[in-house]
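Undergrad: Chain by chain, the residues run as shown.
Number of protein chains: 4
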Amino acid sequence: MKRIGMLTSGGDCQALNPAMRGVAKTLFNGKEPVEIYGFLDGYQGLIYGRFRLLTYGDFTGILTKGGTFLGSSRTPFKTIQIPGPDGVDKVAAMKQTYYKLQLDCLVILGGNGTHKTANLLRQEGLNVVTLPKTIDNDLWGTDMTFGFQSAVDVATDAIDRIHTTAASHGRVFIVEVMGHKVGWLTLNAGMAGGADIILIPEIPYDINKIAKKIRERHDSGGRFTILAVAEGAISKEDAALSKKEYKKKLEKRRVPSVSYEIAEALREKSGFDVRVTVPGHTQRGGAPCPYDRVFASRLGSEAGELILKGEYGFMVGYKNREIVKVPLEDVAGKLKAVDPDASIVKEAKLLGISFGD
Amino acid sequence: MKRIGMLTSGGDCQALNPAMRGVAKTLFNGKEPVEIYGFLDGYQGLIYGRFRLLTYGDFTGILTKGGTFLGSSRTPFKTIQIPGPDGVDKVAAMKQTYYKLQLDCLVILGGNGTHKTANLLRQEGLNVVTLPKTIDNDLWGTDMTFGFQSAVDVATDAIDRIHTTAASHGRVFIVEVMGHKVGWLTLNAGMAGGADIILIPEIPYDINKIAKKIRERHDSGGRFTILAVAEGAISKEDAALSKKEYKKKLEKRRVPSVSYEIAEALREKSGFDVRVTVPGHTQRGGAPCPYDRVFASRLGSEAGELILKGEYGFMVGYKNREIVKVPLEDVAGKLKAVDPDASIVKEAKLLGISFGD
Amino acid sequence: MKRIGMLTSGGDCQALNPAMRGVAKTLFNGKEPVEIYGFLDGYQGLIYGRFRLLTYGDFTGILTKGGTFLGSSRTPFKTIQIPGPDGVDKVAAMKQTYYKLQLDCLVILGGNGTHKTANLLRQEGLNVVTLPKTIDNDLWGTDMTFGFQSAVDVATDAIDRIHTTAASHGRVFIVEVMGHKVGWLTLNAGMAGGADIILIPEIPYDINKIAKKIRERHDSGGRFTILAVAEGAISKEDAALSKKEYKKKLEKRRVPSVSYEIAEALREKSGFDVRVTVPGHTQRGGAPCPYDRVFASRLGSEAGELILKGEYGFMVGYKNREIVKVPLEDVAGKLKAVDPDASIVKEAKLLGISFGD
Amino acid sequence: MKRIGMLTSGGDCQALNPAMRGVAKTLFNGKEPVEIYGFLDGYQGLIYGRFRLLTYGDFTGILTKGGTFLGSSRTPFKTIQIPGPDGVDKVAAMKQTYYKLQLDCLVILGGNGTHKTANLLRQEGLNVVTLPKTIDNDLWGTDMTFGFQSAVDVATDAIDRIHTTAASHGRVFIVEVMGHKVGWLTLNAGMAGGADIILIPEIPYDINKIAKKIRERHDSGGRFTILAVAEGAISKEDAALSKKEYKKKLEKRRVPSVSYEIAEALREKSGFDVRVTVPGHTQRGGAPCPYDRVFASRLGSEAGELILKGEYGFMVGYKNREIVKVPLEDVAGKLKAVDPDASIVKEAKLLGISFGD
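Chains as they are written, first to last, in this note's numbering: chain W, 1 to 357; chain P, 1 to 357; chain L, 1 to 357; chain H, 1 to 357.
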């Protein structure tokens, strides 16, 4: 018999349940009997021994459900490493739970932070298989993460809706899309929503070029302009600052986010009525889109098969339309950002989209 | 031959195009020839003589389109009344355009502000027929306005999405719904989205009762709480202030809106992780929902019939499932708010929803 | 303590779960303790004593869920009345279950057939409160039934999608909408989807008038024509037949439904490429729309309040925007059909829609 | 100056407009002046010289629109090759239009049939660049075609809706998904919708194995079973027939499609209530999904760039997440079917899905 632990960590997203269902159905449908323990609220459940034995029924009817039925929490890598004010050595506690339950393997679903911890547990000798969950699509070692396409759909819907109101009123509208470090989500939602200007962290912007683009649109008869702006969009001046200086500057920011900063600057420079909309957490909520359901199910079933074969220490990823296993040490601590010279950026520019660069 | 002017004024919403299509198809399908002049960007077009002659084709294929193909603008009642810095007497200018084009009637689509001006034009001797457009459903004289149900759908979708992320993380989430003066939209979206607490301008809240409700939910095993909060939600203390004092207080507010104020207070009082999401302008954008398409088409065709019959000075409204004509003087300057003793409020309370009162 | 039985009967629809949630939350939130027994698969559960005691948790998280968590079945009125081949006197069996469980009241959710049986049980001395569930909106005594608006949304979405393909290919397309006896669903979805021709049971059609309308559209430059056709649409000739003759004719029909019959006739008469699409059971499936969630919740909570007050023998309905209680004997056996002279039909005709009459 | 012809051919699908917009924006944004001629209704427009000169405005606002604004028609390869009853040598006529307008290149959007003709025109000496449009995803030389993901979304939505009604009534439901020759759409929608059984042309089924699977589900407590069945699903016996014999058998089929045949057989073998739903043409209609909008825009802009560079004779495809140019002679006449040994099929089986094989 195999004994498997399962947990979801970090910000929730839309296809965690289908992915877990994929793992579990594959394991339950295997020849060997299996017990699956679900840890509650991410690594917290593993640390403090909060779990329950899951049955086949737990994985039924969850294909279309957003969120994670196990709960999740953001457990920063550093707080895992360093015994906290509660005096608990968290790594030791996790190992203790693992060994006490006599687990053969942990299945961990999460993004970048989660993978750092997963790799740490692997280094500590635990068997780990991971699945790439994030709406940011910024995990190294996989072309795609689940949650991403669903988030693109939600963000695009927001841009679509803003389009009609922007066109009716002849306004400049900024839609702020999630993504502090990478711009995949903004780039794709921006292209899908027909944004005229897309600002992402990887391509620092020049506010004057943005203002110029808006004026040009206006002068050639365009009534409105839509900007898709990543949470982590950054101006050329700010990108030239040292990390420390930039952090200091952020602390002094009077407005809630960069979008409002850009809006203020554009109002001044262009004289236009500039509005900001922030779909926020809706982007990670709701039912997974069909693409993500299939994709997460496929990754999940392959993770299940790895476990059945006893192959541990991998993230199940997707490369060149093949599902692949990627050594955890290759994934942890790396970021997959948009290459400013990537063909998708070139294509967006051919379509007339400005990146403000 | 009849000569009709048409304009959409105020914030755009989702069924302006179907409503105009309803008027136009009815007029074009009538026996008498008709010319329809579309004024651009609301009253601005009437004031400054910006219009174009519309054809049957202009009204084809717009049933499913959000926004208004004529454009709109917010023209506050006061700036219409008082000659502005541009020296133009706007009422005189509107009359001049009307008479110059030898119009038989103006069809005006809009909300409360728009109706004040429409009534003013009626008093000045122009023939006017209006249609009740607003996502707020706050127009006096009609049970329903178009745009409302579509906005309920968008706001509900936001609450639905927040539900999965709130449940996964065990958080308290505030979804701020449009509505500065009335709570219809928040009340309906809140009930449709399964909000636990609904705060509307008509029922001032006690922050301690809200905190208590959250604690109770938590104590009885609830992992999360969802609040649907109208933009114009107000505390009992603030409701007790004079208008002047309240305005002064608002000017000093450090946060963008009441939701953030409530979030801060709840964080302090309950210790919970409280987040705010603001779907904002997405609520008035995108395709009209089927309900609004039928409703706006029906009102539009009845407005067309009134014009064919030469009956002017009315808003086409909806009362007790009958389409009715309401004298403009009865509509202008009034507000249809949620009665705190209405049966829908009672029913919401029976369902366990708290209004913080 | 109150002991309540609950069942859903007839074809499922989209807001059964919210309605039951409304009843249950109101009862559980009341002062008196309450036990709710859920009968499985409609009257079958009552007849054969298949039920389970429901808890508060059963009604949590079901606001957005389609179908009915209790299951349903179509139990024709006649098989209820007459002891069947299994020798069971079903009415006696239902009474026996009722008395054995010492129920105070049965809450029954269903459409026309369901209400006949509910009234029969009332006549037999049982306490009954009912809720009007049907996508057909054909229940007498209420302006609206839950499930209806959700079905309108699904059927409209189908017509919307067919629009783009019809326009691209210049085709005549028939979308067959549910409704054997009444045309509310077809009428509303047809108007919402911009159908050019709407055929409903209440207004028999002349195939030549339909062909003429299509030719006229074509001659005036229209590339395509969309027909929304109710399952029960009927030609003038067929409407003139006796019931017996018509039934006989239906038995000989070579095609699956009236839509295909109309398509064949139009192909012959007009020479156009005529296609048929049948969304079928999708119209009653999926999440309830926000309108239905609010509406069903409201009716449910009012039903709960009636029970708390001990008022039995009513359907909770909706009249002139007020929630009302309608004596069951007034509801049973009657049908609310579209009046061919209703204002909505007149308005549809003003918009240029043909009913083929 | 460049002079470009553009046409869409074959069944319409959801991202034709974004793809054409991508080509046109890239060409119009290029340095060289360009004229784009749009041929109406596919090859028909090229044959009979029906076209119009397109402007930048024709490509504005069409990113979210389904269908094709140029119109399309199915022009079977054979009728193109052989002068028809109208005496027109169609290939000669197409060449004549091309040379008369002094075109530099034809941009042709279509599926398999379209590509055969496109290659024929290339062989005849015309410059051709093509784009892979089909909901079937069966074009050789590209991993993905646009229209596919949008169709997956629609078909999945149908399965989702059927789920709630199947569960409520405890029924067996067949959802018939488009695809006569290949099963990509059915496979993906089936997996996304949580179908229990998926039948595709590439994997002939054994009706007894399907009946067995349904019984097993029932015996282990499953109330319902969902089958996703491709239009071209085929039994093992039928697959063993010669093409001629099979065609003969199809002509004698009493029911509209294979789904009804399977339903009848299952009713007999299993005794269950088996229903069929056919979403039909809705699968190719409506707005393109965000994935398709981005994908089609990218392919379109790359096609535009090829033309700017004067590289002709290619289909713009997608291989291993790179946009590639595929020689037309490699594409024409080939089919990309599902490999029964593909990893996605294996994964589906790990999830417990039966293919009836």
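None of these hints come from the bench; they were simulated from the model.
Predicted model only: the values in this text are computed from it and were never measured.
A virtual CB, placed ideally from N, CA and C, is assigned to each residue, including glycine.
Fair warning: there could be bad hints in the mix.
Which chain P residues face chain L? A few, computed with CB under 7 Å, are given here [claimed, not checked]:
#1 Asp143
#2 Gly194
#3 Asn320
Undergrad: Return the status of the interface hint for P/Asn320: holds when the least beta-carbon distance to chain L is below 7 Å, violated otherwise.
TA: Since the shortest Cβ distance to chain L is 4 Å, the answer is holds.
Undergrad: Please check whether P/Asp143 passes as an interface residue: C-beta within 7 Å of a C-beta belonging to chain L.
TA: 6 Å, holds
Undergrad: Can we keep the P/Gly194 interface hint, with Cβ of chain L closer than 7 Å?
TA: Check passed: Cβ of P/Gly194 comes within 5 Å of chain L, closer than 7 Å.
Checked against the numbered hints given earlier, this structure breaks none of them.
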